[in-house]
Structures are given as C-alpha cells and as structure tokens.
Amino acid sequence: MPLSMLRPGETGWIKEIVGGRKAKGKLNDLGFVSGKQVKIYRSSGGPLIVGIGDNRIALGKGMAHKVIVDTEGCEN
Amino acid sequence: MALNKTSRKETEVKIALAGNPNSGKTTLFNELTGSRQHVGNWPGVTVEKKTGHAFYKEYALEVIDLPGTYSLGAYSEDEVVARDFLTAGQYDLVLDIINSANLERNLYFTIQLLEMGVDLVAVLNMADEAEKKGIKINKHKLSQMLGAPVVETVASKGRGIENLLAETIKNRDLTEPALEINYGAEIEDLITEIAKLFMEYDFTNQVNHRWAAVKLIEHDPEAVKLLEREVGSSKAKKIKSLIAERELKAKDDFDNIIIDKKYELINKIITESVKAPAAGQEPENMSDKIDAVVTNKYLGIPIFLVVMWAIFKFTFTLGDPLIGYIETLFEVIGGWAGGLLTGLGASPLVASFITDGIIGGVGSVLVFIPNIFLLFLAIGILEDSGYMSRAAYIMDKVMSKLGLHGKSFIPMVIGFGCNVPGIMATRTLENKRDRIISILINPLMSCSARLPVYVVFAGALFPNHGSTVVFSLYLLGIIMAVVMSGVFNKLLFKGERSHFVMELPPYRFPTAKGVFIHMWEKTGAFLKKAGTIIFSVVVLIWVLANLPLGVEYASANSFIGHFGRFVAPIFKPLGFGSWQAASSLVFGILAKEVVVGTLGVVYAAGETGLRTVLATQFTPLAAYSFMAMVLLYTPCIASLGAIKSETQSWKWTLVTAGYLFVLAWVVAFIIYQGGMLLGLGA
Ligand SMILES: Nc1nc2c(ncn2[C@@H]2O[C@H](COP(=O)(O)OP(=O)(O)OP(=O)(O)O)[C@@H](O)[C@H]2O)c(=O)[nH]1
Ligand SMILES: [Mg+2]
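If you read the sequences in order, they're chains A and B. Residues 1 to 76 (our numbering) are what the first sequence spells out, left to right. Residues 1 to 682 (our numbering) are what the second sequence spells out, left to right.
FYI, nobody ran anything at the bench for these hints, they're computed from the structure. Mixed in with the good hints there might be a few duds.
Claimed, not checked - For lysine to any residue, the following SDA-like pairs were computed, each having C-alpha atoms within a straight-line distance of at most 20 Å:
| hint | chain 1 | residue 1 | chain 2 | residue 2 |
| --- | --- | --- | --- | --- |
| 1 | B | K261 | A | I14 |
| 2 | A | K24 | A | I68 |
| 3 | A | K36 | B | K261 |
| 4 | B | K397 | A | S44 |
| 5 | B | K262 | B | P277 |
| 6 | A | K15 | B | I259 |
| 7 | A | K39 | B | V294 |
| 8 | B | K289 | A | D54 |
| 9 | A | K36 | B | D260 |
| 10 | B | K136 | A | G53 |
| 11 | A | K36 | B | N267 |
| 12 | A | K22 | B | R433 |
| 13 | A | K22 | B | D220 |
| 14 | A | K39 | B | M286 |
| 15 | B | K289 | A | T11 |
| 16 | B | K132 | A | K22 |
| 17 | B | K235 | B | A223 |
| 18 | A | K22 | B | I257 |
| 19 | A | K15 | B | D260 |
| 20 | B | K432 | A | G62 |
| 21 | B | K251 | A | V33 |
| 22 | B | K297 | A | E10 |
| 23 | B | K268 | A | V33 |
| 24 | B | K275 | A | I52 |
| 25 | B | K572 | B | Q617 |
| 26 | B | K262 | B | G160 |
| 27 | A | K24 | B | I257 |
| 28 | B | K132 | A | G53 |
| 29 | A | K22 | B | F254 |
| 30 | A | K24 | B | S71 |
| 31 | A | K36 | B | I354 |
| 32 | B | K251 | A | D54 |
| 33 | A | K24 | B | D252 |
To be verified - A short list of chain B residues far from chain A (calculated; beta carbon distances all over 10 Å):
| hint | residue |
| --- | --- |
| 34 | I181 |
| 35 | M308 |
| 36 | F373 |
| 37 | D396 |
| 38 | G406 |
| 39 | M480 |
| 40 | N489 |
Ideal Cβ placement from N, Cα and C applies to all residues, glycine included.
Using the sequences and the hints, build the whole thing.
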C-alpha cells in the first residue's frame, strides 16, 4: 500500500517506488529505496514527516503516494 | 582526472567542495578561506558557486564552494550548477563533504563521484554529531574500501582544518582509477557492448566510458545529450534501442538494479567500517520532540506567526531607542556643522551641501543601522536553528492552495532580509512554473530596505501605534503575495505540478560565528550601499535642488521641484501629491532607502530631523498609503537585475516592474480613498 496510508508511529518497509523518472530519482536520492524501513512521524493535515533511520523528510501527499510499502514481513 | 598542470605553477592547487546539502561545505569553505559566505541549517542555502583562496605552506589553493546535491541527477538549478562543475573536471581534487552522522545517504553521492572517476578526499564532517550518537567510524578501513583518503573535521568548531589542508596537498595529484561496481551479468554485458559501440563510433569524450554507459542505461538525459553531441543522433539512437531491447528482455528494471547494487556496496562499506548503536533502539531525540509541537496541525501556523512577531518586536523595540540616539547625534552634528561652516566663512552652498545633502540625506538613512543589525541578527538565528525547513513544512498546505508548495516559502522568508538573495533562492525549486511565480511575488516580501521608510513615517505619524502599523505592512505584503500567486497560478502556463520533498535537518544551536557572519555581512552591505548608491543619488538630488542657479534651495521651482511636480499628479489620488513625495518615489527605484534619503534632502532635514518635518507634511492616512506604496511598488534596480538574470528574460522583468506598480497604486488608492470615505482623513 502507499506510504500515505500509514498512521503516525507506524513503520513499513519500502517495496517499490512508482511514478515518473524525476519523482522516482528524487525519492531514491533521499534514501527511499526498496527494503528500507520507514516510520511515520506525522501524517495529519499537510505533508507527511517520514523517518528513514535518523533522517526526517517532509513528503507531500503526491510524493507519498508513489512510495509503496509493506507493513509486515521483516518484523521480528 | 587531475587538471592539466603545464600552464600553472607546481604550487597552485584547485579544489572543489561538493557533497549533500547541509553537510557543512560552506562552513568549511569559510574556515579554509576566511570568507564570510552564507551558512544556514537547511538544505539549499548555497545556490551558486563561490571561489576563495587558502594558503598552506608554499601552496596556494583555489577553493570552490558548490551548492549541495544528493546526486548527479540535478533536478533543480542549484544542483545543475554543482553537477556541471563536477562533470567538467576543471579541478585537481574534490573534497567530498560528508555528514558523518548520516553516512549511508552521503556515501550514495560519494559513490557516484567515485564511479565518475573523480579524485576525492572524503571529509567526515560533523564528527561531533556522529560521536554524540555513538557512531564510530574506522577511517582506515573506510579509506581502504572507498579507495580514497579519509579525513575527519568539525567545521563549525574549526577542528581538523590543518589536517585537512595537509591531506589535500598530499593528494593533489591523486589519480585513482574510477570505482567499478558489479551490476550483475545482464547489465555488465550491456555495458561491455555499449563500450564496444563507443569505440566503433569514435566516442572520444574524456568522460569515463563505463560511467557514461551506466548513465545511459539509467536514461540520464544529460548522458543522452552528451552521446548525441559526440556521435550524432542516428548512432545514438542505435545505442538507445540496444538498451531498450535489453530492458524488455530483462526480468527486473535496470534502474532498480543499479540503485540496489549501489546501496548493497554502501551497506557493505558501512558494516565493515562503522560501529553504531543498533538502529531502532534509540530514544526519541530532541528534534522530534520539538517537531511534535512546532509542526502540530493546529499550532504550526500560530507558532510561525509568533516567531515572526518576535523577530519583528526584537528589531523595533530594541532598535528604536538606539535610533533615537543616533538621530540626536546626527542632528547635533548637523546643527554644529552648519554653525561651524558659516562661522568659518564657508559659502552657504558648502554649508547646505553638508547639512542638507550629506547629513539630511545620507544621515537620515544611516540612522537605521541598529534596526538593520538587529533584523539580520534575528534572521541569522532563525536560519541557523533549523526552523526554516519546518516553516516550509508548515506552510505547504497554504502554498499548495496557491499551486505552489512548501519549499517556495523559503525564498519568501529570505526576502524579508533582502529580495535579491530571496529571488536567487528560488533556484532550489525544481519546477520552472513554481520558480517564475516565486520570483514574481518575492518583491512583495518587505525587505530591510523598506524598513527605514516605515520607521521614519511610523515614528512621525503614529507615535503610539508604531509597531502595529509597521507589522500590518509586513502582513499586507504577505497577503498580496498570497493573492498574486493565486492570480498567477490561474493566469500563467499550466506546468506540471511538482511535489514537496524536503529534508528536515536536526535543530542545531546557532553558532555565534554563523550568526555574526550574517549580521556583519548584511550590515556591511547596508553601509556600502549608503556610501555608494544612496550617497550618489543624494548628491544628485541636492544638486538638482540647487539648480537652476540662484533658485531657492529645494523650492518648487528648482529642477527637482519641476520634475516632482511633473510626476506628482499620478500620486495625487493616493494622498501624497506633493512634488517631494513624488520625486522620492521615482528615485526610490534605485534603492528603497533612497526614498528616505531624498525626503531628507528635499525637506532640508539635516538640522531638524526628518520625522519632525514629515509630521507636518503628511496626515496619518496619507502616510499609511505612502508606506503601502513603498512596500508594493516597482522593486529596486538590484531586484530587477536579479529577476533578469534568474529568469533570463526581459519579459518577466518588465512584467514584475509593471504589475507591482499597478498593484501598489490600486492598493494605495483603496487605502486612501477608502479611509477618506470612512472619515479617517484628518
Ligand atoms: N555540529 C556540527 N554542525 C556543523 C558542522 N559543520 C557545519 N555545521 C552546521 O551545519 C549547518 C549547515 O552548514 P552549511 O555550511 O551551510 O552547509 P552546506 O553544506 O554549505 O549546505 P548547502 O549550501 O545547503 O548545501 C549549519 O547550521 C552549520 O553551523 C560540524 O562539523 N558540526
Ligand atoms: Mg553551502
């Protein structure tokens, strides 16, 4: 499911990035690559705040739709 | 790819600072070269390349600071500047500035440089933050795995600079082979075939051929352009269709494989050379706690407004008494100089030049040094704290209603200091349409040059509500910016919509050095402006006020009086139809402070102070209308110049100059005539 569906505090694992070359490239550059664990810090109202490791990245809704995540899988 | 040395001295070394945004490049650049370039805690502070010089032993280093970039993909203008410089290869060595506390993502860029065959020293900056997080980096191991020297620094504290210089000199002739990552059989075969075609087609460009092949497989538009340039479009097409054909046959997307393999390598490097506390175990950090409040859905915007109000209060409340002192000082000097000069038998003309021209004109502007100083002190603290990117986050919702997004808000905040860097800061916006709209509205942000106008008028006519009046003007500017971006969004070309992505760096305690640099540089620039353009215009106006020969100084029959009377009818419906006001507005286009300078000269305010004079010449309503005019009308020459060079278009420059004048006129008209109707005219 798209990252934008996750609620604050939830984590997911990036499955794939969909969308155009530019959007995808931009997301890859910022560390959104498949297999990475992401955590949602904020999702209500405006853009998301997503944590990848120690990084915090603000992500507009449109971009967040392009990041497809799994919520279970590698969880231990 | 060391530079060709033949034409240069053996002791000259040219190095470039490159790396992720906000990794500390400019901080390091300032340390190395003694420059005072703008530093701030958000990604995208530096948007153009800057050159400085450093000396070490007998070596002379030319150091180039580049805008930060996450990759060589270059999605925005500032990144293009960095990418073009790095691929052109006109340097001996690159210092790749890495945020040690954020190795994985920073190494993604390092790897790209190494693949391109760039000779670099990996600079592990922010070593203090890594240490605080318990991250331990084995430099020896890392160096071995990267095939590049590794140095540790803490740029903000000046630590490790000496060692960095020594390593730089030691490695100035470094020529390491380009890094080769094994991308797996399918891609490797394709690379080999492309390389063969390169030979066949006589692709002789000096770029690393393997790198170029990988870039082509990634469909990098620049690589495609390069290929077409070198071998012609028909041969380029053959290579492209070869890639397309292989891609169809392949199980996985080539792009994905290439990225995965890069990260695989990075992870291997990190596992072998870094010890860090297990991920996910860390307690919520300080920045997250602050963000929980600051970016709150309901609190975000109110907190932002409070921050703006605080900056504003700080600038005025603290500045006002200081202005008073300086004003008194100038008045004393003015009176004293006048007396002395006449006493010495100087001609009245010379006395008038000193008191009316210099002290009345330039002095009226210089009085505002304390405000300028305090404003930039406050902006410096704001910029260095990390709040800027939060402000962008908070405003995204509002901005997206206008067809822009949160990142467009940063140039606006910078515009409160000065519109020129504000306009330049739009380089970080990826989308051309966003960029043009942001440029068009930037002059509506009330910059520090308008401040003297407000303070002098508010002081003269709103002695008890001065700060409310001035704050309302700042808000008026923001509201007009919002309205106009909405209008442009509807009227202008419908470009693709871009989406908001921005890193939120950890909050950092503003460094004294960073903040003071900002303050000194800006105050210095203000003084320079006072000494050059403002001074020249003031002298010109003084001369015009004395001509034709024998005319009464600054009377309606002087040249400036004639000129003013000619223009004044335009402004009459706005409440300030005097020739003095009209000529100050015309000359104010040269620099907005000149409005005050001109009024100082034409009202001969050297001895009495400008506020005293203005109190008798304007009604409060007319003064408010005048201030709104100064805020909104045609931007200064420097801003227009920046608009021209950033948009590369006269059309947009003239559009900005024109629409702002009309907008200002209409708003001032509504304020004045509306106020009259409401009976506020007295
Ligand atoms: N703790 C710590 N902070 C640092 C260090 N070096 C720089 N900083 C801070 O990091 C922030 C970014 O510094 P800049 O020098 O503007 O970064 P930059 O790489 O030039 O950024 P861009 O121009 O946006 O690419 C500022 O707040 C600096 O004070 C360091 O070694 N340690
Ligand atoms: Mg910089």
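Hints versus structure:
no. : hint             : verdict
1   : K261/B to I14/A  : holds, 16 Å
2   : K24/A to I68/A   : holds, 12 Å
3   : K36/A to K261/B  : holds, 14 Å
4   : K397/B to S44/A  : holds, 11 Å
5   : K262/B to P277/B : violated, 23 Å
6   : K15/A to I259/B  : holds, 14 Å
7   : K39/A to V294/B  : holds, 19 Å
8   : K289/B to D54/A  : holds, 14 Å
9   : K36/A to D260/B  : holds, 11 Å
10  : K136/B to G53/A  : holds, 16 Å
11  : K36/A to N267/B  : holds, 12 Å
12  : K22/A to R433/B  : holds, 16 Å
13  : K22/A to D220/B  : holds, 10 Å
14  : K39/A to M286/B  : holds, 17 Å
15  : K289/B to T11/A  : holds, 18 Å
16  : K132/B to K22/A  : violated, 36 Å
17  : K235/B to A223/B : holds, 14 Å
18  : K22/A to I257/B  : holds, 17 Å
19  : K15/A to D260/B  : holds, 12 Å
20  : K432/B to G62/A  : holds, 18 Å
21  : K251/B to V33/A  : holds, 18 Å
22  : K297/B to E10/A  : holds, 18 Å
23  : K268/B to V33/A  : holds, 16 Å
24  : K275/B to I52/A  : holds, 18 Å
25  : K572/B to Q617/B : holds, 14 Å
26  : K262/B to G160/B : violated, 29 Å
27  : K24/A to I257/B  : holds, 14 Å
28  : K132/B to G53/A  : holds, 16 Å
29  : K22/A to F254/B  : holds, 16 Å
30  : K24/A to S71/B   : holds, 13 Å
31  : K36/A to I354/B  : violated, 70 Å
32  : K251/B to D54/A  : violated, 33 Å
33  : K24/A to D252/B  : holds, 16 Å
34  : I181             : holds, 15 Å
35  : M308             : holds, 19 Å
36  : F373             : holds, 33 Å
37  : D396             : violated, 5 Å
38  : G406             : violated, 7 Å
39  : M480             : holds, 23 Å
40  : N489             : holds, 16 Å
Hints 5, 16, 26, 31, 32, 37 and 38 from the earlier list are contradicted by this structure; the remaining hints agree with it.
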